[in-house]
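J.: Next come the chains, spelled out residue by residue.
Protein chains: 2
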Amino acid sequence: MEKFTIKDLYKDTETFADKEISLAGWVRTNRNSKTFGFIELNDGSFFKNVQVVYDTTLSNFNDLVKLTISSSIHVTGVLVKTPEAKQPFEVRATNVTIECLSPNDYPLQKKGHTVEFLREQAYLRPRTNLFSAVFRIRSAAAIAIHNYFQSKGYVYFHAPLITANDGEGAGEMFQVTTLDLDKVASSGKVDYDKDFFGKHVGLTVTGQLEGEAFAMAYGKIYTFGPSFRAENSNTKTHASEFWMIEPEIAFCDLDELMDIEEDMLKYIVKDVLERCPEEMEFLNKFIAPNLIEKLQKLLTSKFTRITHEDVITILKDAKVDWEFKPEYGEDIAKEHEKYITEYFNGPVFITNWPKDIKAFYMKQNADGKTVAAVDLEVPGAGELMGGSQREENYDKLLNRMHELGMKTSELDWYLNLRKYGSCVHSGFGMGFERLLIYLTGVENIRDVIPFPRTPGNCEF
Amino acid sequence: MEKFTIKDLYKDTETFADKEISLAGWVRTNRNSKTFGFIELNDGSFFKNVQVVYDTTLSNFNDLVKLTISSSIHVTGVLVKTPEAKQPFEVRATNVTIECLSPNDYPLQKKGHTVEFLREQAYLRPRTNLFSAVFRIRSAAAIAIHNYFQSKGYVYFHAPLITANDGEGAGEMFQVTTLDLDKVASSGKVDYDKDFFGKHVGLTVTGQLEGEAFAMAYGKIYTFGPSFRAENSNTKTHASEFWMIEPEIAFCDLDELMDIEEDMLKYIVKDVLERCPEEMEFLNKFIAPNLIEKLQKLLTSKFTRITHEDVITILKDAKVDWEFKPEYGEDIAKEHEKYITEYFNGPVFITNWPKDIKAFYMKQNADGKTVAAVDLEVPGAGELMGGSQREENYDKLLNRMHELGMKTSELDWYLNLRKYGSCVHSGFGMGFERLLIYLTGVENIRDVIPFPRTPGNCEF
Chain U
1 MEKFTIKDLY KDTETFADKE ISLAGWVRTN RNSKTFGFIE LNDGSFFKNV QVVYDTTLSN
61 FNDLVKLTIS SSIHVTGVLV KTPEAKQPFE VRATNVTIEC LSPNDYPLQK KGHTVEFLRE
121 QAYLRPRTNL FSAVFRIRSA AAIAIHNYFQ SKGYVYFHAP LITANDGEGA GEMFQVTTLD
181 LDKVASSGKV DYDKDFFGKH VGLTVTGQLE GEAFAMAYGK IYTFGPSFRA ENSNTKTHAS
241 EFWMIEPEIA FCDLDELMDI EEDMLKYIVK DVLERCPEEM EFLNKFIAPN LIEKLQKLLT
301 SKFTRITHED VITILKDAKV DWEFKPEYGE DIAKEHEKYI TEYFNGPVFI TNWPKDIKAF
361 YMKQNADGKT VAAVDLEVPG AGELMGGSQR EENYDKLLNR MHELGMKTSE LDWYLNLRKY
421 GSCVHSGFGM GFERLLIYLT GVENIRDVIP FPRTPGNCEF
Chain F
1001 MEKFTIKDLY KDTETFADKE ISLAGWVRTN RNSKTFGFIE LNDGSFFKNV QVVYDTTLSN
1061 FNDLVKLTIS SSIHVTGVLV KTPEAKQPFE VRATNVTIEC LSPNDYPLQK KGHTVEFLRE
1121 QAYLRPRTNL FSAVFRIRSA AAIAIHNYFQ SKGYVYFHAP LITANDGEGA GEMFQVTTLD
1181 LDKVASSGKV DYDKDFFGKH VGLTVTGQLE GEAFAMAYGK IYTFGPSFRA ENSNTKTHAS
1241 EFWMIEPEIA FCDLDELMDI EEDMLKYIVK DVLERCPEEM EFLNKFIAPN LIEKLQKLLT
1301 SKFTRITHED VITILKDAKV DWEFKPEYGE DIAKEHEKYI TEYFNGPVFI TNWPKDIKAF
1361 YMKQNADGKT VAAVDLEVPG AGELMGGSQR EENYDKLLNR MHELGMKTSE LDWYLNLRKY
1421 GSCVHSGFGM GFERLLIYLT GVENIRDVIP FPRTPGNCEF
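In order, the protein sequence lines correspond to chains U and F.
In terms of this note's numbering, the first sequence has 43 at position 43, counting the first letter as 1, and numbering is strictly consecutive.
Convert by adding 1000 to the 1-based position in the second sequence; the result is the number in this note's numbering.
Hints in this document: simulated from the structure, not taken from any laboratory.
Fair warning: this is a prediction, and the values are worked out from it, not measured in the lab.
There may be inaccurate statements among the hints.
[As the list claims (entries may be wrong)] Computed list of lysine-lysine pairs in DSBU-like fashion (alpha-carbon distance at most 35 angstroms, straight line):
| id | chain 1 | residue 1 | chain 2 | residue 2 |
| --- | --- | --- | --- | --- |
| 1 | U | K407 | F | K1110 |
| 2 | U | K11 | F | K1419 |
| 3 | F | K1270 | F | K1285 |
| 4 | F | K1048 | U | K152 |
| 5 | F | K1369 | F | K1266 |
| 6 | F | K1152 | U | K297 |
| 7 | F | K1003 | U | K419 |
| 8 | F | K1086 | U | K152 |
| 9 | U | K66 | U | K285 |
| 10 | F | K1419 | F | K1369 |
| 11 | U | K152 | F | K1007 |
| 12 | U | K302 | F | K1019 |
| 13 | F | K1407 | F | K1189 |
| 14 | F | K1334 | F | K1369 |
| 15 | F | K1007 | U | K396 |
| 16 | F | K1236 | U | K183 |
| 17 | F | K1369 | U | K294 |
| 18 | U | K419 | F | K1034 |
| 19 | U | K110 | F | K1152 |
| 20 | F | K1334 | U | K111 |
| 21 | U | K270 | F | K1003 |
| 22 | F | K1110 | U | K396 |
| 23 | U | K194 | F | K1110 |
| 24 | F | K1369 | U | K189 |
| 25 | U | K199 | F | K1199 |
| 26 | U | K194 | F | K1407 |
| 27 | U | K419 | F | K1048 |
| 28 | U | K419 | F | K1285 |
Using the sequences and the accompanying hints, generate a full structural model.
T.: Quick look at the structure:
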């Protein structure tokens, strides 16, 4: 008999009503009396389970009552609609075969578990409701991002991961090597001529620089790939390995860039709400009250656009006892981000940042003090995207690199992009996990990455 | 005036005919006489250029005749259909402004260049016809892959990149570290307690093991992410950094796996042929004669399924003077792959390989000698996918790991998947660049990766 999925049954219940169907999946719960029992079965195709009813007419009834959580089984039965019950239908089993009976030491027994415990069981946690929802939304959001950019004519570009460039100049790169460290220790010298690439290389912190090269050929490109930071910070929003989306657009200034960021975010939110209603309802109910309302409100809100200077003025005028005092020419703190999104009651683009706290490649404004950078702050999640118009003038870019004491030898090619058909162009980066925190209401980045890597943690 | 793209003009020529439109892009060629000139303009939105005609009615005519290759310009003009000419329409310029005049040292002047030279100019090569086609197909193929799996209900899963597991057991991992190698050399010792993750870690060679964990929750998952091999081989088909697609399916045996592989490949080929007709025509004409015919033939061919043993028998019976003599129980060489796809005149699944030349996780067949592995060989590109049914029995898997002298401590969790709801399951891996070599007819893997990494090469 053709195998169906639980998703098929939910999406097309009428077709299957009163028909015999076959399923394979895992036992989520098993309750029973002396003459009948109920299995909540999940096959991973859908967030919801299906209820399987079995009774003593089955020859292996005595085995079925002993079925443990997470056991794998095959079920044949008749789909019966149950309009008066909690679930819209159930499957009355005509045959159940057991493929693997899980032992009782299965770590995720029925009782609730803390997210901290579940992190230690990262290989099993997608079997729980919370993580089942989170990682299905992760998949859906990834596809929404691809669909958005593809529908707008962007080319998907794979930036290199191993690189000699520290694109952000922050010095927080992991080193990649094939040198035998024991031999380095015993020989007393580091010979990069013998290393795999013949030089000191590391893991990329951004694909932007290479992305700009491709934007100068395709007009519009986006990356969607891993990025790495060897930053020793243990916060809820930092991971050592994460995924980034970095669009780069030729003939695009800062205003047009903000249009794109706003349009993209609304598209993703709308698409995920439509495609994952069961998951979003679960999160709204058990994890983040008002999550759906927050996201729906975003769809119709107009994002505020304001300069960094005007933001500081608002913060200074606020009758708030700041932990960090807001200052012109300086960065803003988490408490300021929160205040400003509440002040405008929605997402806020903050533009024209002090150049000294931003990266070398940003377009230098005429005032000599600021750059054409933009951060997007969203209610409840803080900074979601960071972008800028790029400095397209060769001499200005070179001077800025010299001012910052950067070596230009590895970035000759990047400078050359300002000689050969340079144009006004802009781009932004969005941390995929930051987006997921915003979309799911889950607070810790460790809980939106399948197998997170943080300082001291590299399990699985 | 609203800006349009060259793609808009090609896709909707009738709408724009005799109307004034605006474009921004780069000069591909510029020919002129004393009174008029022709610019081939490309904006990256489309493989083809648009011809811009300008004449002395433009006040900056004398500047326009000096426009160099790769200069960036803005054009306003009227779209005029030219049914009798080579191109279906042209744009008669009413205004052209120059954003950046490229200097004459632009490395890609009009004359042809070798692919070897263009590799050194990797940041500029997407501006050539060949690489413009290749990397647009790369983007299209990536999306075709996502669309295939999403439409079939698979969950997109991001496997970790930094890991302590050598999933293939081949020992070809790059090490990732934040230890200061100069200090390691001077101190004479390697202290992993001080390393970022507190232990020896490296870059993943496969996401399969983690993928299996997620398949046991979602039923069907696929990865699409980077993979790394510190293998010192300089061949046309090896890169140190590449992208892999690794689907994993619960309740799926080897035969069903082959169904999926065949279905997926046909879907991708069909989709790319439909979405990139201009690029495929170019490649068919200038790079790989009969490319389109080869791919179209694949769509209707039935893939052969044959055991490794039967393949060896065919090879032994062949009247061919082999460089490598085919032997039962041993791997097959490139010349054998080529022969067998020609013998069956199409793609061939070779199943049930000798266990000693395959990985530890593969399902052990009853004969005690072979495993339920399958390689897909395609005409003209050799091995395109490698997959297997996975060993779902805890004891058999553990014994095999012991036989191979593997440490099981880091893979306890992987073994546990065989305790907690284990089931028949299968998966395969497809190197994305191998697929692109097959799709584009380009022979060298360095020419289908934007910025390739190979031994001794880590530029840009």
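J.: Indicate, hint by hint, whether the structure satisfies it.
T.: Comparing the hints with the structure gives:
no.	hint	verdict
1	U:K407 x F:K1110	holds, 32 angstroms
2	U:K11 x F:K1419	holds, 32 angstroms
3	F:K1270 x F:K1285	holds, 19 angstroms
4	F:K1048 x U:K152	holds, 18 angstroms
5	F:K1369 x F:K1266	holds, 33 angstroms
6	F:K1152 x U:K297	holds, 32 angstroms
7	F:K1003 x U:K419	holds, 24 angstroms
8	F:K1086 x U:K152	holds, 28 angstroms
9	U:K66 x U:K285	holds, 32 angstroms
10	F:K1419 x F:K1369	holds, 25 angstroms
11	U:K152 x F:K1007	holds, 11 angstroms
12	U:K302 x F:K1019	holds, 33 angstroms
13	F:K1407 x F:K1189	holds, 24 angstroms
14	F:K1334 x F:K1369	holds, 23 angstroms
15	F:K1007 x U:K396	holds, 33 angstroms
16	F:K1236 x U:K183	holds, 32 angstroms
17	F:K1369 x U:K294	violated, 59 angstroms
18	U:K419 x F:K1034	holds, 28 angstroms
19	U:K110 x F:K1152	holds, 31 angstroms
20	F:K1334 x U:K111	violated, 55 angstroms
21	U:K270 x F:K1003	holds, 27 angstroms
22	F:K1110 x U:K396	holds, 30 angstroms
23	U:K194 x F:K1110	violated, 39 angstroms
24	F:K1369 x U:K189	violated, 47 angstroms
25	U:K199 x F:K1199	holds, 23 angstroms
26	U:K194 x F:K1407	holds, 29 angstroms
27	U:K419 x F:K1048	holds, 24 angstroms
28	U:K419 x F:K1285	holds, 33 angstroms
This entry does not satisfy hints 17, 20, 23 and 24, going by the numbered hints stated previously.
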